[in-house]
Amino acid sequence: MARITFIGADGARYEVEAENGSTVMENAVRNGVPGIEAECGGACACATCHVYIAEDWRPAAGEPEPMEEDMLDFAYDVRPGSRLSCQIRVTDELDGLVVTVPERQA
Amino acid sequence: MAGQAETDVVIVGAGPCGLFAVFELGLLDLSCHLIDILDRPGGQCAELYPEKPIFDIPGLPETSAQELIDRLTKQIAPFEPMFHFSEMVTSLDRTGTGFRIATDAGTVIDCKAVVIAAGGGSFQPKRPPIPGVEAYDGKSVFYSVRRMEDFRDHHIVIVGGGDSALDWTLNLQPLARSVTLVHRRPEFRAAPDSVNKMRALEAEGKIRFRQGQVTELKGADGALQSVVVKGPDGDDELACTRMLPFFGLTMKLGPVAEWGIDLHENRILVDTEKFETSEPGIFAIGDINWYPGKLKLILCGFHEAALMSHAAKHIVHPGERVVFQHTSSSTKLHKKLGVA
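Protein chains in written order, with numbering that gives the first Met the number 0: chain A, 0 to 105; chain B, 0 to 339.
It is worth saying that the hints were derived from the structure and are not from the lab. From the three backbone atoms N, C-alpha and C, an ideal C-beta is built for every residue, glycine too. Please note that the accuracy of each hint is not assured.
Some, not all, of what chain A presents toward chain B, calculated at C-beta under 10 Å [what the hints assert, rightly or not]:
| id | residue |
| --- | --- |
| 1 | Ile6 |
| 2 | Gly10 |
| 3 | Tyr13 |
| 4 | Cys39 |
| 5 | Phe73 |
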């Protein structure tokens, strides 16, 4: 289990309990976090579940794989720490993870 | 493919539900034309995730999206549907006997019923996230190259790292005043051969490559003069009179929203008996429709296609008695499927 905090573009905070093995995107959608569209349903095919990982958490969340980097080319306002949340699997190491939702997805 | 045609039913969208609708309509002797903005059948299955496995198609424990499309295409082949690919429906008007549909390629089709199976909407180029880009759209900023001549002697900035970006960098270089390729990272999705060719041109000084993102456009009245590229080493202003951003495709409801059909949160409201919209004779199936309890599943779209077809049959052949038949036993259906 891991506790994840999503920070909306407007600054609103959403804290959710995430099961190990699920993706960060699934937890956002399941808990109604606004701004995560996940149009393709988690196939790493649309770049509409884009989030920014808080700086302290980047080593634990890891670097995007080449396929994810390719999709990030299509995302809105890509910055250091940009990830597609459907490609981040929840583990105990991510307990406390903080991610920010961009202003818009596409 | 421009031209005039007549058919029983026009299906807008050639994704899995549009394709399967051909089968269900065909069993009832209804002929179909399909129109799709993509250049091949499959919709999202082909465009977004052809390699991804699907596990919830009844009877197929595991299939890839592309395999499902290939199987559907084979399944509907006996009904000889007419495909109009790379075309977008631009108008839908009622005529005395049904509907007239026109596309951006000049195709005009008269039909008795219309099925909207457009999934998430039509695939359209994504606009780059640059403030004020709208003012330059179609004047200095283009999302495709229709005529290369329109780019002659221009300062061209091409943005993106895929095949389109690289191909146009190579193709436009000989006739442009200058070409600069801008991509947010040094790795490219495009074919390695194109990347090598681009690197060679860069080494010869014939094109420039800038790593970064375009953050600002400068110009007036739609005429672009320069762009600002924010890169790892700071900002860079480049002369630019034509920009070609290649940021992939997004799905938009598009012209469907202007047909006077009742919508529910950007999806088309239908009944669950016929899957007919608020406009008689216009049906909507698959991801694009909405009704209480709707699930965006391919298998639900298949069910909707079957029920819709029986309703469409009554519109196309009013008064004809429809005898319900099973494909497993009906000799009439076997003939239609070419297995008799």
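Hint by hint, here is what the structure shows:
Evaluation of the A:Ile6 hint against chain B yields a violated restraint, the C-beta minimum of about 20 Å exceeding 10 Å. Annotation: interface hint on A:Gly10 violated; nearest CB of chain B at approximately 20 Å, more than 10 Å. For A:Tyr13, the suggested interface contact is broken, since its CB lies about 22 Å from the closest CB of chain B, more than 10 Å. Contact between A:Cys39 and chain B, as hinted, is supported at the beta carbon level, the nearest pair being about 5 Å apart and thus within 10 Å.
Below 10 Å, beta-carbon pairs count as interface contacts, and A:Phe73 has one with chain B at about 4 Å; its hint therefore holds.
Comparing the model with each numbered hint stated earlier shows that hints 1, 2, 3 do not hold.
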